[in-house]
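A.B. asks: One line per chain: the protein sequences are P and F, in this order.
If you want this note's numbering, it's the position in the first sequence, counting the first as 1, plus 573.
If you want this note's numbering, it's the position in the second sequence, counting the first as 1, plus 702.
Mixed in with the good hints there might be a few duds.
[As the list claims (entries may be wrong)] Simulated pairs of lysine to any residue, SDA-like, Cα-Cα distance not exceeding 20 Å:
1. Lys923(F) <-> Arg891(P)
2. Lys1063(P) <-> Ala741(P)
3. Lys921(F) <-> Arg928(P)
4. Lys875(P) <-> Lys921(F)
5. Lys937(P) <-> Glu980(P)
6. Lys921(F) <-> Leu924(P)
7. Lys923(F) <-> Ser876(P)
8. Lys897(F) <-> Ser929(P)
9. Lys923(F) <-> Val1386(P)
10. Lys926(P) <-> Val900(F)
11. Lys921(F) <-> Gly889(P)
12. Lys926(P) <-> Leu920(F)
13. Lys1222(P) <-> Gly1006(F)
14. Lys1199(P) <-> Ala1189(P)
15. Lys897(F) <-> Ser934(P)
16. Lys1011(P) <-> His821(P)
17. Lys730(F) <-> Ala958(P)
18. Lys730(F) <-> Leu959(P)
19. Lys923(F) <-> Thr1390(P)
20. Lys937(P) <-> Leu894(F)
21. Lys926(P) <-> Lys897(F)
[What the hints assert, rightly or not] DEER-style ranges, computed between Cβ atoms:
22. Lys886(P) <-> Lys923(F): 27 to 33 Å
23. Val737(F) <-> Leu1366(P): 53 to 59 Å
24. Ser899(F) <-> His1107(P): 54 to 60 Å
25. Phe742(F) <-> Phe1197(P): 30 to 36 Å
26. Phe742(F) <-> Ser948(P): 49 to 55 Å
27. Leu813(F) <-> Pro1224(P): 39 to 45 Å
28. Ala1189(P) <-> Val738(F): 28 to 34 Å
29. Ser948(P) <-> Leu887(F): 36 to 42 Å
Derived from the structure by calculation, the hints contain no laboratory data.
Values in this document were obtained by computation on a predicted structure and should not be read as measured data.
Think of the CB as a built atom: it goes at the ideal place given N, C-alpha and C, for glycine as much as any other residue.
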Amino acid sequence: MENSPLVLANISKNYSGVAALRDVSFEVFSGEVHALLGENGAGKSTLMNIASGTTFPDSGTIAVDGKNFEKLSPKLATSLGIAFVHQHPAVLPDLTVAENISISVPKKFLQSHGSTSESMRAMLHDFGLDVDLKERVGTLTVAQKHLLEVAKAFVIHPKILILDEPTAPLGQESVDLLFERVRMITDEGTAVIYITHRMAEVRAIAKRVTVLRDGKFRGTSLVSEISDLDLLTLIVGREIESTFPPKHDGSATDKEFLRVENLTSDEFFDISLTANRGEIIGISGVVGNGQSAVCRALAGIKSAQGTISVAGKVLGSRDLINNVAYMPADRHGEGLMMSLSVRENAAINSLIKFRSRLFVSRSKEVNTVRSSLNSIAVKAPSMDALVSSLSGGNQQKVVMARALLAEPAMIIADEPTQGVDVGARAEIYSILREIAQKGIPVIVASSDAKELEGLCDRVYVMSRGHIVEVLDAEAITEEEMVKAAVASTKLIKQDTSGTAVVKRGGSIRRFFKGDFIPPIILSLIMLGLGVYVHGKNSRYTSAFNINSMLLLVTALGFIAVGQTIVMLVGGMDLSVGPMAGFLLIIASFFVQDGSKMTSIIFAFVLMLVLAIAGGAANGALIRFGKFTAVAATLTSYIGIQGFSYLLRKTPGGFINQNVSAKITGSWGPIPVAFIILAVGSIGIEYFVRNSAWGIRLRAVGSDEESARRLGVPINKTVITAYVLSAVFAGFGAVMLMAQLGVGDPAQGTSYTLQSITAVVLGGTSLLGGRGSFIGTLFGSMLLIQVLNATTFLGLSQTWQYLFQGLLVVAAAVVYTTTRSSKRRK
Amino acid sequence: MTVIESSTSLDAGVMKKSSRIQVSRGMKTMIAALVVLFLFCKIFVPDSTSKGAVLGMLPFAAVLAIIALGQTLVIQQGGIDLSVAGSVSLAVVYVTRLPQQHDSQLWKAVLVALGSAVVVGVINGILISRIGINAIVATLGVSSLEYAVIMAISQGSPRRTTNLLNHIAANLTLGIPNSAIFAVLATIMVTLFLKRSVSGRRFEAVGANSHAGFAAGLKVKRHQISAYICAQILYCLAGILLAGILTQPTAYQGDSLVFPSVTVVVLGGTSLLGGRGFPAASAVAALFLQQLNQMVLTLNVPFGVRTLVTAIALLVGIALYTIRWELVRERFSALNSRRSVGAAHV
Chain P
574 MENSPLVLAN
584 ISKNYSGVAA
594 LRDVSFEVFS
604 GEVHALLGEN
614 GAGKSTLMNI
624 ASGTTFPDSG
634 TIAVDGKNFE
644 KLSPKLATSL
654 GIAFVHQHPA
664 VLPDLTVAEN
674 ISISVPKKFL
684 QSHGSTSESM
694 RAMLHDFGLD
704 VDLKERVGTL
714 TVAQKHLLEV
724 AKAFVIHPKI
734 LILDEPTAPL
744 GQESVDLLFE
754 RVRMITDEGT
764 AVIYITHRMA
774 EVRAIAKRVT
784 VLRDGKFRGT
794 SLVSEISDLD
804 LLTLIVGREI
814 ESTFPPKHDG
824 SATDKEFLRV
834 ENLTSDEFFD
844 ISLTANRGEI
854 IGISGVVGNG
864 QSAVCRALAG
874 IKSAQGTISV
884 AGKVLGSRDL
894 INNVAYMPAD
904 RHGEGLMMSL
914 SVRENAAINS
924 LIKFRSRLFV
934 SRSKEVNTVR
944 SSLNSIAVKA
954 PSMDALVSSL
964 SGGNQQKVVM
974 ARALLAEPAM
984 IIADEPTQGV
994 DVGARAEIYS
1004 ILREIAQKGI
1014 PVIVASSDAK
1024 ELEGLCDRVY
1034 VMSRGHIVEV
1044 LDAEAITEEE
1054 MVKAAVASTK
1064 LIKQDTSGTA
1074 VVKRGGSIRR
1084 FFKGDFIPPI
1094 ILSLIMLGLG
1104 VYVHGKNSRY
1114 TSAFNINSML
1124 LLVTALGFIA
1134 VGQTIVMLVG
1144 GMDLSVGPMA
1154 GFLLIIASFF
1164 VQDGSKMTSI
1174 IFAFVLMLVL
1184 AIAGGAANGA
1194 LIRFGKFTAV
1204 AATLTSYIGI
1214 QGFSYLLRKT
1224 PGGFINQNVS
1234 AKITGSWGPI
1244 PVAFIILAVG
1254 SIGIEYFVRN
1264 SAWGIRLRAV
1274 GSDEESARRL
1284 GVPINKTVIT
1294 AYVLSAVFAG
1304 FGAVMLMAQL
1314 GVGDPAQGTS
1324 YTLQSITAVV
1334 LGGTSLLGGR
1344 GSFIGTLFGS
1354 MLLIQVLNAT
1364 TFLGLSQTWQ
1374 YLFQGLLVVA
1384 AAVVYTTTRS
1394 SKRRK
Chain F
703 MTVIESSTSL
713 DAGVMKKSSR
723 IQVSRGMKTM
733 IAALVVLFLF
743 CKIFVPDSTS
753 KGAVLGMLPF
763 AAVLAIIALG
773 QTLVIQQGGI
783 DLSVAGSVSL
793 AVVYVTRLPQ
803 QHDSQLWKAV
813 LVALGSAVVV
823 GVINGILISR
833 IGINAIVATL
843 GVSSLEYAVI
853 MAISQGSPRR
863 TTNLLNHIAA
873 NLTLGIPNSA
883 IFAVLATIMV
893 TLFLKRSVSG
903 RRFEAVGANS
913 HAGFAAGLKV
923 KRHQISAYIC
933 AQILYCLAGI
943 LLAGILTQPT
953 AYQGDSLVFP
963 SVTVVVLGGT
973 SLLGGRGFPA
983 ASAVAALFLQ
993 QLNQMVLTLN
1003 VPFGVRTLVT
1013 AIALLVGIAL
1023 YTIRWELVRE
1033 RFSALNSRRS
1043 VGAAHV
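With the hints as constraints, model all of the structure from the sequences given.
C.D. replies: Rendered as structure tokens:
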């Protein structure tokens, strides 16, 4: 028979006692598309996570190419030829398209069209993605990011390709192209597993289909041999454990109470709904089809066009924010303040009511909140218990108590029973029903069709941001909802205009938003400043002054280059200044006049070792101790300073004159050390842009989670960055040896601030992922030049502080505002 | 309503009454540490707990405590404020330079200082919360700008404190240094604001989870900006007191207070990632750190050791609250059991 590269046999998986998969077996064949159908929570994703090694099964076996495994790891799965295109692509926004490809696609797959970049272009073109390889992925549209992810999976010609809802963000053209490519890759013998909710897609592309429900296998069939109706009956019919309160007995006197007209935003289109007094309205659909966005718009925290009126009164966005109670789906992230108590969480929207004169009246608050909590039977050790210590159901009830206490004009509940146990579910349904009966419109968005069937008086079904079906009274059944969702062929309006803009004039626009604009601006400022100061005082451009300025630049430049490395991984190293000072003190003991050569060499080795140790300590505190970068390096800032003062209370230990002379050796007016710094900066710039290590470094800073999914060793990369930062501080210390000539414990610390200033001036992002060493070099030069110019112009210290402060604030404002649009993810 | 109650009355415990006074983990830790430290000093370094030593230590602890209150407000909103250096120094310079030792001019100088503090706070808040600049970069830059003002006013050397300010800040009332009374009052006010006022409660909620605050319709940015403003007012108060205590201050008085202020906030249990803030615990931690300094000072050890002690205190403080000890313990016990299993096999 056919060759089946992947056989999952008798897989079971429990999540904290709840069965996600029960004894499921699943087999795919080479050269065909096997669709995996089922409702939300049916177990499709869990099954595929097991197949791709991100989840381990409790029991069952995985056979890949006839070899049996108890479990896979992501690495093992990849090496076995299993590729998984997730619904949410793991992209690195600050890296270019080419870098995003090269970090996860081995070079051997990028040789189809001669050069690597030609091959990359070709693989993207296959999916209609004609973006410039140098484009930052952060500027791509969601659809383009998704296509990039798909293209990356296809190009390695996997044996087994898993596609999870691949058409969700795509428009018609891209869907057609994708299907064509899927057919081509199956012709080459790849087995494709296609997770979807859509019948039409199953018919269009799959040969075989398997349906899961409630974590159980429901059946496998050839697509040609099963009718839509039969498929639907396999999908629906979840057993429901909860009981529901009776529905609203709509009488003829009911009047329309809530009216939403033509609500439109970037995530949904032309949403219109109405509700009568006493009704609960449901919004159904597969997760991620715009339901949550509609909820947020109704709650006033997402901007949208259209009108919303309650009881004939149109509500503006401020009214919505103040008068609509919103129960977010993400209880931990958005619903509750986990570090606050039950009482504080419940009272947060009704504090004004508890106020008597200046303060919140304790008795009023405690009594009102308690009676509200009791009325909906919240179980908690006390009102002062942290809300994080409660069960999911009770947490949700705290959110409801907050909503009730606020006496809102409308209640929006997004996935109100997610992560809630069966008993509490029934209670939550009753509470929602009761609220509706009081005359407060209740809108419930849920991916659980059964829940909406039991609870709602009218249900709107959404698909890809559109309402595709309205169900009333008897028609509100799980079957109808699922039918509307799976039968939908609506596609989102894919933003293709972006592609055109990106193509045309892309290189110029990119240049202006790129990393090399700061150095150009900085050098223009430097030139202007130079000309001006020279006009006032011609000694400014004397060889002597240029030489001494460049020496200062070199010390700062080395330290700032180290700081830049750390900032590329999204960190910050406050300890560079004290580290440079400390290493200078070390040198002052061993590199004195009359010191032996061996002592001098020993000093440099010792400095290197101590720098590496210090950097490693910073990195370890951050990665293993889970300290924030600021906390860790602030601690070492103070600690290293302590060691400096321990070694030398007062300045002492004069540095060997010959060594100093070597360090300050010049080539005309230009110090050799500066040339080393400049060449070094360019070298590191090139290395970080082109080497695999450099790409990994920026990947971590750009998006740690995505980098992890792409297999970047996070701990190693971050710790290396901090070690390098300390080593560069050591180079800075070598420059200080010549400049200061003496071991002074008070010196060095100021370099922390200066290095951060230089890095910020150079345009490196403090959010990580992007920056430039050449920019940092120019930043250091400008900073030193400005400080030097104030003395030549005879300006007081006031101006030095003023310029330094203005430079860093202005640079930060300019860079942050010009880039902000891109960083919002 | 009755339906719900009947369906759940079986196991629905009636909510217990809220207790009036709650003591945070940071507060407990700091009070315990403080008691241990004083006992240790009493026994091993008795000179550091003499009346004179304590009276000498308290004013500086008070100044640090007031700064720590402000720093707590900022850190609990997920920020950090390094402009303590410029702000404290600026307040010192205002109240010494402007009155030129004339008591009658003091109130004007205080008003100028407060007004300037509000302006600085607004600038910090807008740069960080509205424009989205990294808090370290913004506050370092602003601190530099403050020093520009300091230099312009004082040319780097403030004058002597006026007699009136010296009396207000340094005199004793009922045997307690006035500055300490100011610190206690400031702590009570900040705590009352956070725990009992409507805006304070919202402020705490936004700090605890700004996303949830936004979803609940709170004005997140306004609260974040207000943190920087309130902090500046507190730094200003601290600076004024410091000028009164020292009588002959320098223009760089704030520099040495930046890192201690962050240290005591962390020791008090407020996370550098933001979240819940514990101002009273920060104030107690300030007393702890100052006494620790006093002890080391009395022992006459070098400055380096004192600095190292601060670093270690900070390290221990952060480790105490950030490392998840139960996980470490688990891992160790797992290691041990594995070892014993291995031994059994041998």
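A.B. asks: Please go over all the hints and tell whether each is borne out by the structure.
C.D. replies: Hints, verified against the model:
no.: 1; hint: Lys923(F) <-> Arg891(P); result: 16 Å, holds
no.: 2; hint: Lys1063(P) <-> Ala741(P); result: 10 Å, holds
no.: 3; hint: Lys921(F) <-> Arg928(P); result: 19 Å, holds
no.: 4; hint: Lys875(P) <-> Lys921(F); result: 14 Å, holds
no.: 5; hint: Lys937(P) <-> Glu980(P); result: 16 Å, holds
no.: 6; hint: Lys921(F) <-> Leu924(P); result: 14 Å, holds
no.: 7; hint: Lys923(F) <-> Ser876(P); result: 17 Å, holds
no.: 8; hint: Lys897(F) <-> Ser929(P); result: 14 Å, holds
no.: 9; hint: Lys923(F) <-> Val1386(P); result: 17 Å, holds
no.: 10; hint: Lys926(P) <-> Val900(F); result: 10 Å, holds
no.: 11; hint: Lys921(F) <-> Gly889(P); result: 16 Å, holds
no.: 12; hint: Lys926(P) <-> Leu920(F); result: 16 Å, holds
no.: 13; hint: Lys1222(P) <-> Gly1006(F); result: 8 Å, holds
no.: 14; hint: Lys1199(P) <-> Ala1189(P); result: 14 Å, holds
no.: 15; hint: Lys897(F) <-> Ser934(P); result: 11 Å, holds
no.: 16; hint: Lys1011(P) <-> His821(P); result: 11 Å, holds
no.: 17; hint: Lys730(F) <-> Ala958(P); result: 17 Å, holds
no.: 18; hint: Lys730(F) <-> Leu959(P); result: 17 Å, holds
no.: 19; hint: Lys923(F) <-> Thr1390(P); result: 17 Å, holds
no.: 20; hint: Lys937(P) <-> Leu894(F); result: 17 Å, holds
no.: 21; hint: Lys926(P) <-> Lys897(F); result: 16 Å, holds
no.: 22; hint: Lys886(P) <-> Lys923(F): 27 to 33 Å; result: 28 Å, holds
no.: 23; hint: Val737(F) <-> Leu1366(P): 53 to 59 Å; result: 58 Å, holds
no.: 24; hint: Ser899(F) <-> His1107(P): 54 to 60 Å; result: 59 Å, holds
no.: 25; hint: Phe742(F) <-> Phe1197(P): 30 to 36 Å; result: 31 Å, holds
no.: 26; hint: Phe742(F) <-> Ser948(P): 49 to 55 Å; result: 53 Å, holds
no.: 27; hint: Leu813(F) <-> Pro1224(P): 39 to 45 Å; result: 43 Å, holds
no.: 28; hint: Ala1189(P) <-> Val738(F): 28 to 34 Å; result: 33 Å, holds
no.: 29; hint: Ser948(P) <-> Leu887(F): 36 to 42 Å; result: 41 Å, holds
Hint check: no violations occur; every hint is consistent with the structure.
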